[in-house]
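Peer 1: The lines below spell out each chain.
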Amino acid sequence: MSRLKLFLPLIIFVALALLFWRGLFLNPQEMPSALLNKPVPEFSLEKVADNKQVMQKGDLPKGPHLLNVWATWCVACRVEHPYLNALAEQGVPIIGVNLKDDDSAAIKWLDKFHNPYLFSVADRDGRLALDLGVFGAPETFLVDAEGTIRCKHVGIVDDKVWQTKLQPLYEKLKSQRWDAFAGDLSDSLISRCQ
Amino acid sequence: MIPELGHFALIVGLLLSLALSILPIAGSYSARPLWMEAARPLALGVFAFVFIAYVCLTVAFIQSDFTVNYVAQNSNSILPIYYKITAVWGGHEGSILLWLLIQAGWAAAVALFGRQLPPELLARVLSVLGMVLIGFFLFIILTSNPFDRTLPFPPMEGSDLNPLLQDPGMIFHPPLLYMGYVGFSVAFAFAIAALLGGHLDAVWARWARPWTVVAWAFLTLGIALGSWWAYYELGWGGWWFWDPVENASLMPWLVGTALMHSLAVTEKRGLFKSWTILLAIFAFSLSLLGTFLVRSGVITSVHAFATDPLRGSFILGFLAVVVGISLLLFALRAPAVSARSVFSFRSLETFLLGNNILLILIMAMVLTGTLYPLVADALNLGKISVGPPFFNLFFVPLMVVLCLLLGMGVRANWKDSRWDKLLSAWRLPFLAALVVALVWPLAFDHYHWGAVLGLFIGAWVFCASLADIVSKTRNAKSFVAGLKRQRASYYGMHLAHIGLAVAVLGVVLTTVYSVEEDLRMGAGDSHKVAGYDFDFGGVRLAQGPNYRAFEGVIHVSKNGKPVAELYPQKRNYFSGGNTMTEAAIDTGLFRDIYVALGEPLDRSNPSGDWAVRLQYKAFVVWIWLGALLMAIGGGIAVADKRYRKARAAREASLSGNLAAA
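Residue numbers (numbering that gives the first Met the number 0), protein chains in the order written: chain V, 0 to 193; chain H, 0 to 660.
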């Protein structure tokens, strides 16, 4: 028995190695989203910087927009932030979902790095994020005028992601309904949005 | 031509390390002294060729040779020369070459300083290091060659080195960190050699210990420097983010710390032998695991280098071979080296065992938090993230227990201690720490019970260490005579413990008593933060070698007396279009004044009002000062005469044997 015990570290390591092996073929950027092509879940959350004002689903913009999950503890968000600023300057409406964060830290962050969001809601216990199927920050959803999620991106949105993934859909959604062009989209683009 | 020379040197190095990994170890089993003796020149030869390759890549950077892909990606012609030299390790391929250089350097150091080791042991240790070297040679040559050309159409100009890395802190951080990471491979090689030889005694521990302590000290410095860099370069005053890459360096540090303490027990009491071996295997495995996590793309992190499944598969395969074989060897051979002995519940052994268990628990917690998203994903449980709240929830209480135990343990004896003696030894430091903890917060503008608890923990470690030094000198003729009687390693140990106390105090005071204010300021505005007056003199333009910046001018004074003039910058780098915040900091022993420039409130008018962040960071330097003390403590411990005496004794016995023959 005591001899067998010595094999324990080896067994644990083999289990871990198998896990890593599987991990290599998983894409952390990719996540099956049950929510794709489903409406944004209902929510009722305080606004960051103004906790008297409670925002709801009806307060989302009436056109296509981005829903960006961010937090001050998320270092990757810090990297993503300047690009969101650039998008906001081009007129892309972005709503922030501030995930499990400290309100004052979030306000400081927005003051310091510039605020690209029309508004951010304070998702303090992560309920909205849970409903959205979010597993970390940053994550970005493309929502159409009807409030339906049409594309999601896990990880940092940068020039490449915007131009090859989100922008083509966003531009189309500005003028047409999803059903009008969805059939013509390439499979690769649709699968990348999942 | 020079890049090809570098590439060729790598291939020669690979061939030499093949010979190194086979010949000496084969010689140690067939009793061929000549084969065993080949280990030392082979190890030195490997180092020489890696060094040549390294110099070749550096030359390519200095010459801005953009026909080399790696150079084109990480440098450009207007980059200052010192950053050209450090840009060698600014990306994945070059940092692996640096890793290889340091790995070969450690092997060469063992070859140079290990002459007094028994020849079989030295041969086996160097052969194991040779096998590790093969892995890294293959990794760099097959998946990450820094000498690949972009011919026939080289770019006219290179893209820039990441501006985040254009910083003096980044010059020292990677080499120090790698010295630590890679240094654990020596302890690992010693452990494997012990398993092969079926022999582990106090003499073995005495050899393995200084190498481990040196690696640990380097890793401590590397981690501290990384955290310091995050503090001043990211521009928002934080110093630890529980990023997967930070965790990747913290985990080997935790296990390395456990290993040092376990080695002490093995050396002094001949106990914990198989445990020590297991820790040595773990420490190096976690270094490799860190590399895997950072470079394979299985986990997302800002620090993560170019991620590539091929590289990930390679490191995973390497990890599987190294760790799998080591643990198999451990399972088969550990009974041969282990020993049974008894020690009392009140002994130093018990406290060190507690230290080991806690450190491993903390490491397991960090590992869990880092891998949880991956585990959940792989098991199809969904994708979940673990943020700083998780880490703080476990890390803080476990560290508190570890520190309490440390203060108790330093006063305990080997084998057994008497309760009454222990209790009386603990009483005075306990009371002193209590007083410190209750009084110190009075110096700040508000009293905080969390601070009292944290200060007690830090002060307890500090006072217990001091009390031990005082009690050890009590029976000597004079205090100084008593001090002289103690060994260097004794002082090294206490200095490292005091360093931990200092770091704990720094963390607590910074967390509780720092003040931050974000303000809108225009030229001529003034504001008071934590008793300091900040006068904003407006923003001017400044020009750097490869960037343009807005530079704020801020005069800081206290009670009318000038304290500092600070010039925070908002930089715009020419090449990447990256904007970087360059905070201005006036550092002091008891506080930092930290000023960062936000954005102009009216973007079209940069000479108008700006968002400015003013911070008073209480005792923040203590965090890194503490780490520095820990590393110096490690250095002092290694200087202990005991380690050289062991060599002297060995030499004496050797010459005695020769004379007898």
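I should point out that these hints are in silico values taken from the structure, not numbers from a laboratory. Glycine is no exception: its CB is placed at the ideal position from the N, C-alpha and C atoms. Do not rely on the hints blindly, as some may be mistaken.
As the list claims (entries may be wrong) - Partial selection, computed: residues in chain H whose CB lies under 10 Å from chain V:
no., residue
1, Leu-277
2, Val-374
3, Asp-639
Stated by the list, open to error - Dumping the calculated SDA-like pairs for lysine to any residue here, alpha-carbon to alpha-carbon at most 20 Å:
no., chain 1, residue 1, chain 2, residue 2
4, V, Lys-4, H, Leu-600
5, V, Lys-164, V, Leu-129
6, V, Lys-107, H, Arg-332
7, V, Lys-46, H, Arg-332
8, V, Lys-4, H, Arg-332
Unchecked claim - Non-contacting residues of chain V with respect to chain H, defined by C-beta distances greater than 10 Å in every case (computed):
no., residue
9, Gly-62
10, Val-91
11, Leu-117
Peer 1: A separate judgement is required for each hint: does it hold in the structure or not?
Peer 2: Structure-based check of each hint:
1. A distance limit of 10 Å between C-beta atoms decides the matter here; for H/Leu-277 the minimum to chain V is near 6 Å, and the interface restraint holds.
2. Evaluation of the H/Val-374 hint against chain V yields a held restraint, the C-beta minimum of about 6 Å falling below 10 Å.
3. Because the smallest distance between the Cβ of H/Asp-639 and any Cβ of chain V comes to about 31 Å, over 10 Å, the interface hint for this residue is violated.
4. Restraint check for V/Lys-4 and H/Leu-600: not satisfied, since their Cα atoms lie roughly 65 Å apart, outside the 20 Å limit.
5. Our distance criterion of 20 Å between C-alpha atoms is broken by V/Lys-164 and V/Leu-129, whose separation comes to about 24 Å.
6. About 57 Å separates the Cα atoms of V/Lys-107 and H/Arg-332, which puts this hinted pair outside 20 Å; it is violated.
7. Restraint check for V/Lys-46 and H/Arg-332: the C-alpha separation of about 62 Å exceeds 20 Å, so the hint is violated.
8. Between the alpha carbons of V/Lys-4 and H/Arg-332 the distance comes to roughly 13 Å, so the proposed pair stays at or under 20 Å and holds.
9. Residue-level check passed: V/Gly-62 sits 24 Å from the nearest beta carbon of chain H, beyond 10 Å.
10. Its beta-carbon lying about 17 Å from the closest one in chain H, V/Val-91 satisfies the requirement of being farther than 10 Å from that chain.
11. Distance check on V/Leu-117: its Cβ is at least 17 Å (rounded) from any Cβ of chain H, clearing the 10 Å threshold; non-interface status holds.
Checked against the numbered hints listed earlier, the structure breaks hints 3, 4, 5, 6, 7; every other hint is satisfied.
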